[in-house]
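Undergrad: Chain by chain, the residues run as shown.
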Amino acid sequence: MRLEYFQLIDRIVDLKIADRKISAEATVPVTSTIFEGHFPGFPLMPGVLLIEAMAQTSGWLVVATYRFDRMPFLAAVKDAKFRMFVTPGQKLSVKADLVHQGSGYAVTEASVVLDSKTICDATLTFRVLDFPNDEMKLRMREAAALVGFPAEVPADA
Amino acid sequence: MSSTFETIANIIAETCDIPRDSIKPESHAINDLGIDSLDFLDIAFAIDKAFGIKLPLERWTQEVNDGKATTDQYFVLKNLSARIDELVAAKGA
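Chains as they are written, first to last, in my numbering: chain A, 1 to 157; chain B, 158 to 250.
Quick caveat, the hints were computed from the structure, so don't treat them as lab data.
Heads up, a few of these hints could be off.
As the list claims (entries may be wrong) - Examples of chain B residues lying across from chain A (beta carbon under 8 Å, computed): (1) Asp193; (2) Leu195; (3) Ala201; (4) Phe202; (5) Ile210; (6) Lys211; (7) Leu212; (8) Pro213; (9) Leu214; (10) Glu215.
Unchecked claim - A few chain B residues that face chain A, going by a derived Cβ cut-off under 10 Å, partial list only: (11) Thr161; (12) Lys206; (13) Lys248.
Just so you know, even glycine gets a beta-carbon here, dropped at the ideal spot from N, CA and C.
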């Protein structure tokens, strides 16, 4: 994770468009100014950032499904549950399933897993729109490369 | 048509917490029931699942924006029911 850049996952480790699944690695940094406030003397990864990790992971799955032609924007978070504390240095697995691809929207079920235990999960809805401009598409390509998004996504990946 | 309307009325009532009795075939989802675009995504998701279809929301929106259709054609519930019936029939054809 590079929290200062709002990059909540480190690397995509598995992406299967045919199965509508993705998983990613995300290691919580050992130090961050965020932990100075959340909480003093008892650093915890904020739940809202775990949601963002699930949203980013889901987002890459949606981007892949649309062959980088369209961009998902988080629209709704449902049934979010935080089952355990997440602390600095922990290595998380972030998973998402695309449960529905509608007209202009997508729905995923996502989770954060630590040592085979689900510690956080939610249902996420995204609006799926054309990229607002070419610069954003270019920047998203660059961001994709940073997390190991495949340069070419085969149909049966 | 009536069973389709009943299904979507129940979906709207449950999704948007609107009293079921106030949802009529003549109700306009936006103008009469006050459903916003985000809530309508939830409704579309539930309708897509219930009927095994994909409501073409983007095409409908484009047609309305281009002046080729009115919102009544898609968002008055009896008309929405008819559109859903058409989509279901097309799927089975």
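Undergrad: Against which earlier hints does the structure fall short, listed by number upward?
TA: 1, 5, 11 and 13
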